[in-house]
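> Sequence:
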Amino acid sequence: MRILGLSFGFHDSAAALVVDGQVVAAAQEERFSRNKNDPGFPLAAAQFCLEQAQILAQDIDLVAYHEDALTKFDRIVKSWVGNYVDHGEEFEGLVASWIRGKKFDPLQMIADELDISSSKIVSNKHHVSHAASAFFASPFDDATVVTIDGVGEYETTTVSIGSGNSLKKVWSCELPNSIGLFYSAFTAYLGFRVNEGEYKVMGMAAFGTPRYLADIEQLLRLEDDGSFNIDPAFFAFHGMGDLPYTPRLCDRFGVPRQVGAPFATDEHLVPPDLPAADVDRLIGESQRFADIAASVQLHTERAIRHVVDHAVAKTGISNVALAGGVALNSLANGRLARESDYSLFIQPAAGDAGCALGAALYHWHQHSDKRGRAQQSCSLGRSFPADRSKAAAAGSGYRIIREGEVDQEYLRKVASLISDGAVVGWFHGRSEWGPRALGNRSILADPRNADNKRIVNEKVKFREPFRPFAPAVMAERAGDFFELPGDAEPWIGMPETFMLSVHPVRESVRHRLPATTHADGTARVQLVFRQSNDVFYDLLREYEVCAGVPIVLNTSFNLNGEPIVDTPEDAIRTFSLSGLDYLCLDGIILSKELSEAI
618 MRILGLSFGF
628 HDSAAALVVD
638 GQVVAAAQEE
648 RFSRNKNDPG
658 FPLAAAQFCL
668 EQAQILAQDI
678 DLVAYHEDAL
688 TKFDRIVKSW
698 VGNYVDHGEE
708 FEGLVASWIR
718 GKKFDPLQMI
728 ADELDISSSK
738 IVSNKHHVSH
748 AASAFFASPF
758 DDATVVTIDG
768 VGEYETTTVS
778 IGSGNSLKKV
788 WSCELPNSIG
798 LFYSAFTAYL
808 GFRVNEGEYK
818 VMGMAAFGTP
828 RYLADIEQLL
838 RLEDDGSFNI
848 DPAFFAFHGM
858 GDLPYTPRLC
868 DRFGVPRQVG
878 APFATDEHLV
888 PPDLPAADVD
898 RLIGESQRFA
908 DIAASVQLHT
918 ERAIRHVVDH
928 AVAKTGISNV
938 ALAGGVALNS
948 LANGRLARES
958 DYSLFIQPAA
968 GDAGCALGAA
978 LYHWHQHSDK
988 RGRAQQSCSL
998 GRSFPADRSK
1008 AAAAGSGYRI
1018 IREGEVDQEY
1028 LRKVASLISD
1038 GAVVGWFHGR
1048 SEWGPRALGN
1058 RSILADPRNA
1068 DNKRIVNEKV
1078 KFREPFRPFA
1088 PAVMAERAGD
1098 FFELPGDAEP
1108 WIGMPETFML
1118 SVHPVRESVR
1128 HRLPATTHAD
1138 GTARVQLVFR
1148 QSNDVFYDLL
1158 REYEVCAGVP
1168 IVLNTSFNLN
1178 GEPIVDTPED
1188 AIRTFSLSGL
1198 DYLCLDGIIL
1208 SKELSEAI
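The working numbering applies: residue 618 is where the sequence shown begins, and numbers increase by one.
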């Protein structure tokens, strides 16, 4: 049976194809449109999925949409009704946009765009799609399934029991009580874009201390029964106005941070062009924001643990599968992994993009008496033939210093370049599913060079200087460098496989990994297994020969504000606009020097 899952209409639209229980392909539309967080109909992503399976749209047995559009609109209308006098024009604009975009009837839009019968199209509830993306992609026969996000139709959090081919919801929470929207409100307060900048709050938190924790705890109260309550006086989750918080939040915590404002908690981070008279003011304000971020982050970690602990108590099952945008909080995931006895699986595309996969998996399991295959890799996107990479490289105008197969000689050369101080763009195989670059579309650098924090942030990616980088490490060597949870051997599918969990770097080796050790002594670890990414694994092995550590700095291959590169042409464009020294493209190595022909 062939089932295509689709999510679109708000942000992170995506498509995923499941054939006979196997995930054949999955991709976000942004990789094709080059529009970050593209919310539009994922036609290009859907066409790619069909091409990967070598089928036509008419060959699909079922198309599954990720949520109930009418119930969602009902919630939006009800939230606006009491405020129509003050926001009537905005409301009318919202209704008009739903009509223009056919959001009232996404199922008919699917039928029109794919030219298929509407009888083949079904929909799920939003959190059912999230739950299915976690449980049916997990290796667990039975699990406590927890979904936490901003909001679906009405729900913000659910707890379900996953067993075999079934999902049974046992508890849920609805607006206005939302951990996701609580975190997003502070994301906006701290000067970042909602639904994109939440991970920046995590990075900022490492520079602060949670001295505002008592105040934060009053805004999101944890109840004895496992639920939680938001103080609505401080938040504006109804969608009216420009900000998700009220003036009372500013009264409590002070003036919010301006978008794009510099951030520096010590003199090393101060912009060089800042007047000396402004340095102390900037450091003081930055420290206040860092302390607020640290307080919000710590309370969010406790809230997630609170929900999961009570969920496990309800179900009696210690296997835990997580999804929803809040499940991308890697600091919370690391704490949960280290401080509990749970076996964890987190859907790598835990946000709304993952709902496309969940919708497809849910309906496949409703039509089958078998269990689909567990997800062990995120290499579900596009790959390209060698001829295309060669043509792109030849037409780039840059000097080709190596051209050939992806073999040991190539990997040894790349490892040597990185060890000698180069920052390289790395492009190989199928692009990754989800928001993390896991060794297919990555920027790689030497983790031993402390200057690489500044170089990669400022000169390569053009982003905030406080942003951390992940260490990609050979799985069997990870325990030598990082304080991972438990005594069990690393296994493919654990959160660290997908760069979803932050852990302390062992104190004895922090001096060896200054570029990937964050300000608080932690790192967002990526375990690399040869079974799931043999080429990247072998690069790490060659790198250990050159540098003495089986670890490279890994960050996504993109510029600030852009999607991760997908095609060879995307890679060359980003290479040309950034401070990268070399581009390693499917066996080809390009240097920033211009070719002799130019």
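None of these hints come from the bench; they were simulated from the model. Fair warning: there could be bad hints in the mix.
Computed cross-link-like contacts, BS3-like style, restricted to lysine-lysine with a CA-CA straight-line distance of at most 25 Å [claimed, not checked]: (1) K817 with K785; (2) K689 with K737; (3) K1209 with K1076; (4) K785 with K931; (5) K931 with K786; (6) K1076 with K817; (7) K1007 with K1030; (8) K1076 with K1030; (9) K931 with K737; (10) K817 with K653; (11) K1209 with K1030; (12) K785 with K987.
Label-pair restraints from in silico Cβ distances [unchecked claim]: (13) A850 with G1138: 31 to 39 Å; (14) R1080 with E1186: 21 to 29 Å; (15) A1067 with R1019: 23 to 31 Å; (16) R869 with L1176: 33 to 41 Å; (17) A850 with D758: 43 to 51 Å; (18) A850 with A991: 40 to 48 Å; (19) I1018 with R990: 36 to 44 Å; (20) L724 with K786: 21 to 29 Å.
All C-beta atoms in this analysis are idealised placements derived from N, C-alpha and C, irrespective of residue type, glycine included.
> Indicate, hint by hint, whether the structure satisfies it.
Hints, one by one, checked against the model:
no. : hint                         : verdict
1   : K817 with K785               : violated (35 Å)
2   : K689 with K737               : holds (22 Å)
3   : K1209 with K1076             : holds (14 Å)
4   : K785 with K931               : holds (13 Å)
5   : K931 with K786               : holds (11 Å)
6   : K1076 with K817              : holds (18 Å)
7   : K1007 with K1030             : holds (18 Å)
8   : K1076 with K1030             : holds (23 Å)
9   : K931 with K737               : violated (37 Å)
10  : K817 with K653               : holds (16 Å)
11  : K1209 with K1030             : holds (16 Å)
12  : K785 with K987               : holds (18 Å)
13  : A850 with G1138: 31 to 39 Å  : holds (37 Å)
14  : R1080 with E1186: 21 to 29 Å : holds (23 Å)
15  : A1067 with R1019: 23 to 31 Å : holds (29 Å)
16  : R869 with L1176: 33 to 41 Å  : holds (36 Å)
17  : A850 with D758: 43 to 51 Å   : holds (45 Å)
18  : A850 with A991: 40 to 48 Å   : holds (45 Å)
19  : I1018 with R990: 36 to 44 Å  : holds (41 Å)
20  : L724 with K786: 21 to 29 Å   : holds (23 Å)
Going down the numbered hints, you'll see the structure goes against 1 and 9, while the others check out.
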